[in-house]
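Let's have the full structure, built from the sequences with the hints guiding it.
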Amino acid sequence: MPEAKKNMVWLASYPKSGNTWFRIFLSNLFSDSPLAVHINDLTETTISSNRSIIDSYLGMHSSELTAEEIDKLRPQVFKRFSNEKGETAYVKTHEAWTLNSLGIPIFPKEITKGVLYIIRNPLDLAISYAFHNNESIDETISILNNEFSKLCEQKLKLNIQTQQLLSSWSNHVSSWIDDSKLPVHVIRYEDMLEHPLNAFKRAADFLHLKYEESEIKKAINKSSFDTLKDMETSEGFKERGIHSEAFFRKGKSNEWESGLSKNQIDEIVKHHGKIMKRFGYL
Amino acid sequence: MELPELSPVQNINVDASIGFGKVPEHLPEVRGSGVLFEAAVNDFLFKFKGIGRYRVQNGRRIIIQPEGEALPAEIRLVLLGSGIGALLHQRGMMAIHGSAITDGKQTAIVSGQSGVGKSTLAAGLHELGYSVIADDISVIGLNGKQQFIVEHGIPHLKLWKDVLAHLNQADDLAKVRPQLDKYRKPIPVLEEEAPRLSKIVILNPSNSTDFSYSEILGREKFHLLRTNTYRLQFIDKMNQTEAHFRNLSQLVNSIQMFHANRPHDPKNILEFSKSISEIIFNT
Chain V
21 MPEAKKNMVW LASYPKSGNT WFRIFLSNLF SDSPLAVHIN DLTETTISSN RSIIDSYLGM
81 HSSELTAEEI DKLRPQVFKR FSNEKGETAY VKTHEAWTLN SLGIPIFPKE ITKGVLYIIR
141 NPLDLAISYA FHNNESIDET ISILNNEFSK LCEQKLKLNI QTQQLLSSWS NHVSSWIDDS
201 KLPVHVIRYE DMLEHPLNAF KRAADFLHLK YEESEIKKAI NKSSFDTLKD METSEGFKER
261 GIHSEAFFRK GKSNEWESGL SKNQIDEIVK HHGKIMKRFG YL
Chain B
14 MELPELSPVQ NINVDASIGF GKVPEHLPEV RGSGVLFEAA VNDFLFKFKG IGRYRVQNGR
74 RIIIQPEGEA LPAEIRLVLL GSGIGALLHQ RGMMAIHGSA ITDGKQTAIV SGQSGVGKST
134 LAAGLHELGY SVIADDISVI GLNGKQQFIV EHGIPHLKLW KDVLAHLNQA DDLAKVRPQL
194 DKYRKPIPVL EEEAPRLSKI VILNPSNSTD FSYSEILGRE KFHLLRTNTY RLQFIDKMNQ
254 TEAHFRNLSQ LVNSIQMFHA NRPHDPKNIL EFSKSISEII FNT
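One line per chain: the protein sequences are V and B, in this order. The first sequence begins at 21 in our numbering and counts up by one. The second sequence begins at 14 in our numbering and counts up by one.
Just so you know, these hints were derived from the structure itself, not from any lab. Note that CB positions come from ideal geometry on N, CA and C, so glycine has one too. All the given hints hold, so there is nothing to weed out.
Cβ pair distances, simulated, as ranges: (1) B:R74 to V:S156: 52 to 62 Å; (2) B:R74 to V:L229: 46 to 56 Å; (3) V:H263 to B:H272: 21 to 31 Å; (4) B:N266 to V:T108: 33 to 43 Å.
Structure, rendered in structure tokens:
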């Protein structure tokens with residue numbers, strides 16, 4: 021293997037925190053077309069749990085490996101992936117930053133250019149994620165509170181994505197921001213909504229993307245919530261949750277004020293108050 | 014070594030041997046590599062810590078050096094996957110990642126990315142009375158009339174526990190590995206040569222509850238045949254790209270191809286299999 025390139029940008033977030041919205045913004049920023057990039061054509065990014073990519077670098081079916089074995093091999097998969105990419109490769113992930121059973125970080129430092137961590141108020145996230153999974157808010161809160169929460173758990177059946185450790189909301193945040201020791205820029209979903217130019221511009225600066233303010237504004241406009249919702253209504257969105265009616269639902273903040281009961285708010289604050297306070301949610 | 018997954022044959026010339034022996038840590042010359050393999054022209058090494066090292070040479074020989082506490086089922090799993098895949102590519106043979114099914118008049122391959130449900134669909138079609146010629150690796154050959162056919166594959170389906178449960182089938186089958194809830198379900202061996210390969214269906218994941226399909230035309234056919242080649246990543250590193258391109262160019266003009274969007278988590282595998290059978294066998 022040639023020397024490692026520091027070209028990987030991890031677009032990390034808990035699900036339903038604005039990761040897809042940011043990826044759409046990036047696709048529009050990179051696009052020369054006057055038209056908005058279609059939501060089903062986001063070719064600029066892949067996901068860290070993409071089974072086909074993992075299989076292709078391994079040379080065997082990951083479906084014949086345990087989740088632990090896959091995680092032992094994934095740092096090497098990412099290094100080879102990085103090696104074949106150019107100056108920057110964007111990879112979305114919903115996984116918590118973690119070590120594998122060999123004690124090696126799954127997301128290797130030596131290939132990481134940076135982490136863009138997108139955070140959202142867990143009170144709103146709980147409602148959005150409940151809709152996404154078509155589960156009750158109480159069930160969703162228990163996912164947010166569980167340090168062993170997983171996505172695509174490989175037990176009795178196979179998924180096109182490999183198993184991912186999501187962990188609890190607080191663990192997820194601190195794993196990337198505190199534990200990883202990687203260069204991280206945090207972007208708040210609420211700032212993307214309320215001060216989009218400032219939020220997206222600062223993210224673009226962190227990623228060393230040399231674009232004029234007017235180009236960033238244009239990309240934000242092409243990624244507006246109404247545009248995305250219209251696209252989903254007319255042609256569907258392949259990333260929509262299998263049980264949910266729509267991926268782009270409201271695109272607003274503070275829905276929790278009317279959408280959560282006092283007990284539900286208390287339960288979230290009890291588990292995540294410390295991190296919520298740190299990021300201005302309390 | 015016992016290979017219970019394969020059927021015994023008699024009175025044919027042996028054209029590839031498989032045996033145990035010493036396998037080096039690395040190949041003397043490496044043209045390209047992956048996390049678990051090294052490849053050169055006519056020389057290939059696959060190594061999986063805890064299972065063993067495999068060397069495949071000249072399309073004629075596979076040598077295995079098992080490691081540690083490797084179980085025979087695990088040794089065979091790698092052999093019958095990446096080991097055979099490398100052997101086929103060294104021979105310049107065309108292998109599609111997917112399951113081949115026939116109604117006795119024509120053959121179709123169901124291909125697509127890992128985890129999309131190819132084997133599940135093959136199991137459903139088998140339940141409906143169709144014959145499964147191959148699961149996971151469909152090796153393309155020519156018959157006496159120079160028509161493309163799928164060679165008989167390993168006569169079993171690898172199915173996850175939930176699929177067996179959906180099909181109301183016993184899960185007292187042998188596991189592919191003790192750590193996984195994935196089982197080998199034996200299927201009858203087809204006695205006669207499979208009929209002409211006429212269609213390839215690319216199965217796509219979908220978040221819709223409905224089944225839909227569309228015919229694939231033009232350049233996309235070639236592109237999808239290429240990307241759904243079994244162990245495509247070995248080919249360039251083995252210097253077999255030209256042979257592969259030639260093979261695909263010939264095949265692409267003689268088959269019809271379809272996209273089929275699999276309803277998410279079909280509650281009724283048989284119903285979905287019936288819908289697919291209507292496209293591929295015009296039932």
